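Chemist: Residue strings, one per chain:
There are 2 protein chains.
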Amino acid sequence: MAETNGAPAATAAPGGVRTVACVGAGVIGGGWVAHFLARGYDVRAWDPAPDAGRRLRGLVASAWPALTRLGLAEGASMDRLTVTGTLAEAVAGADFVQESAPERLDLKVSLLAEIDEAAPEHVVVGSSTSGYSMSEMQVKAARPERLVVGHPFNPPYLVPLVEVVGGESTERWAVEWASEFYRAAGKQVITMDRELPGFIGNRIQEAAWREALHMVAEGEATVEQIDLSMTAGMGLRWAFFGPCLTFHLAGGEGGMAHMLDHFGPSLKSPWTRLEAPELTAGLRDAMVAGTDEVVAGRSTSELIEQRDRRMIAVMRALAEVEAEEAAEARARGGEGGGA
Amino acid sequence: MAETNGAPAATAAPGGVRTVACVGAGVIGGGWVAHFLARGYDVRAWDPAPDAGRRLRGLVASAWPALTRLGLAEGASMDRLTVTGTLAEAVAGADFVQESAPERLDLKVSLLAEIDEAAPEHVVVGSSTSGYSMSEMQVKAARPERLVVGHPFNPPYLVPLVEVVGGESTERWAVEWASEFYRAAGKQVITMDRELPGFIGNRIQEAAWREALHMVAEGEATVEQIDLSMTAGMGLRWAFFGPCLTFHLAGGEGGMAHMLDHFGPSLKSPWTRLEAPELTAGLRDAMVAGTDEVVAGRSTSELIEQRDRRMIAVMRALAEVEAEEAAEARARGGEGGGA
Chain A
1 MAETNGAPAA
11 TAAPGGVRTV
21 ACVGAGVIGG
31 GWVAHFLARG
41 YDVRAWDPAP
51 DAGRRLRGLV
61 ASAWPALTRL
71 GLAEGASMDR
81 LTVTGTLAEA
91 VAGADFVQES
101 APERLDLKVS
111 LLAEIDEAAP
121 EHVVVGSSTS
131 GYSMSEMQVK
141 AARPERLVVG
151 HPFNPPYLVP
161 LVEVVGGEST
171 ERWAVEWASE
181 FYRAAGKQVI
191 TMDRELPGFI
201 GNRIQEAAWR
211 EALHMVAEGE
221 ATVEQIDLSM
231 TAGMGLRWAF
241 FGPCLTFHLA
251 GGEGGMAHML
261 DHFGPSLKSP
271 WTRLEAPELT
281 AGLRDAMVAG
291 TDEVVAGRST
301 SELIEQRDRR
311 MIAVMRALAE
321 VEAEEAAEAR
331 ARGGEGGGA
Chain B
340 MAETNGAPAA
350 TAAPGGVRTV
360 ACVGAGVIGG
370 GWVAHFLARG
380 YDVRAWDPAP
390 DAGRRLRGLV
400 ASAWPALTRL
410 GLAEGASMDR
420 LTVTGTLAEA
430 VAGADFVQES
440 APERLDLKVS
450 LLAEIDEAAP
460 EHVVVGSSTS
470 GYSMSEMQVK
480 AARPERLVVG
490 HPFNPPYLVP
500 LVEVVGGEST
510 ERWAVEWASE
520 FYRAAGKQVI
530 TMDRELPGFI
540 GNRIQEAAWR
550 EALHMVAEGE
560 ATVEQIDLSM
570 TAGMGLRWAF
580 FGPCLTFHLA
590 GGEGGMAHML
600 DHFGPSLKSP
610 WTRLEAPELT
620 AGLRDAMVAG
630 TDEVVAGRST
640 SELIEQRDRR
650 MIAVMRALAE
660 VEAEEAAEAR
670 ARGGEGGGA
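Just so you know, the sequences run in chain order A and B.
Just so we're aligned, residue 1 is where the first sequence starts under the working numbering, counting upward by one.
Just so we're aligned, residue 340 is where the second sequence starts under the working numbering, counting upward by one.
One chain only, chain A, in its complex shape:
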């Protein structure tokens, strides 16, 4: 029985999915396979590459120790992967289909039409595309209403984020169902109500990346400096507090409102090649109200305490991994030297 308003009666409940089909088994598709297996699903995978099955099993096996450390779902097993000889065999009997073909529009269009043809009409299909809108991709599908974007981040078996958005011909129930399903499968989901090139995460990542490329192009910074500015700087905060909450704290007791009112003029500074938007009263109020939701009643001193605790936990965790790796390298060196 469907739990999502408007879904066909035959559609599984998002939390009741047992079998997931993965079409395309490269780095992203294979990462999805590993994720779904680790969450206890049966997975049926298909990829047209001649050697796909062997490579996919290798990818899953190499991710499995990490997934085991992170905690497998009950009954999760690599043995629950079936690699099929045809696309139709993969999607027949699946409760959900994840498409992860290479990023070529013509390929995505025809593959999604093929999946649509082969999969029962009550089954939702998610595409891993990072570059195309579902409106562009669903044009040849006979039942485009159940096609959504479910955009993961690399590697899909570790990064929690999935961005879900439909196309012009997608029905609302499919977007809601997919969002609920990904959550049930252990993901953190952003459900977008409109299509946007790059979705949300990649727009932010791409802005940072383009500024970095400009700096290297102009000899203003080296690759090493750019990466260090992230890993020794913003990245340590962004692992747990996003850019808005970070700037809320930069505003002290006055928070985001003070930050915008006080530092608003710095938006006009030439600190990046990206022009800032006009800081209208509407934008200011939207930022303050939105940040209030994220803050959810926490005081500045509570946020500072939470930030400090998390930053120290992250830094200590990373230092421990480095110490472990160094010890392992010494042990290997010892073996090698026969000491």
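Keep in mind that the hints were calculated from the coordinates and are not lab data.
Bear in mind the structure is a predicted one, so any value in this text is a computation, not a measurement.
Be careful, since some hints might not be right.
[Stated by the list, open to error] Each computed SDA-like pair below joins lysine to any residue, with the alpha-carbon atoms no more than 20 Å apart: (1) A:Lys187 x A:Asp42; (2) A:Lys187 x A:Leu318; (3) B:Lys526 x A:Ala323; (4) B:Lys607 x A:Glu218; (5) A:Lys268 x B:Ala556; (6) B:Lys607 x A:Gly131; (7) A:Lys187 x B:Ala571; (8) B:Lys607 x A:Asp106; (9) A:Lys187 x B:Glu659; (10) A:Lys268 x B:Pro536; (11) B:Lys526 x A:Leu318; (12) B:Lys607 x A:Leu105; (13) A:Lys187 x B:Ala658; (14) A:Lys268 x B:Glu475.
Dock chain B against chain A, hints included.
Modeler: Positioned in the frame of chain A, the structure of chain B alone reads:
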């Protein structure tokens, strides 16, 4: 004895500094005070606010538990803080001065001239400015050659990064000395060879921030979605692998070269409002060579193993903090309820 080429004979070795003066003791200046105390320095602080001493000691005390968890240097003590009544008393006898006044150019110019007047000429002075160049700020100082920018990230007592750069009248030895000193004081340092508005880290941060503001202004994303896209997505990777190393891995075995050759055209995609630079052969080669330095001989499979291990360590560390906080809240609830 100075270890840095060209430094005056009376300048302390960067690793031999015992006393640091902090001028300005707000959030940033106070954060520096906490950091230097935790690293075992004597700190002399001055701030013109009437209540500055009390507030500064409060700030240090609230940071101290975090710093203790992170690990104090031998002999580190909050008692080694002296709050002085005048700027001259703070900087007299200091081996290094950190200026952290509010971001107003006229104030910075006159304060740096005052510090320059009061501090022995062999002492290097670092400014925490995030917005001004040292060339703009050093114009009224009699001995501008020892004035540098030492730009921290909030909170300075936790975030390791400091960006060091001189102005037109700064001598090279002072930039080198400051870089060595901050490293000796436990920081990770980017030494820039030219002035650049926003330095390096803030340019990347500001590009991400402006793209986020545009999205909110246009109703394309909410504050909550933007922050979640970071903390459930890129931020978890950026805590340990910067944007360039992340994209190197996205290129698979072919690394950065493959990524640029294959996905280069996506630089033209409207994934952000920031125009990309032309991907010339020179830029491509600079990115590949620079990334090679960061990779430092690690194979793709080694990098994947390192990434997975770190990501899991970060996610587990953050989950542990959340579990601790929830347990503490329950305990407080229990006390409150008298159960």
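Chemist: Of the numbered hints stated earlier in the document, which are not met by this structure?
Modeler: Number 2 only.
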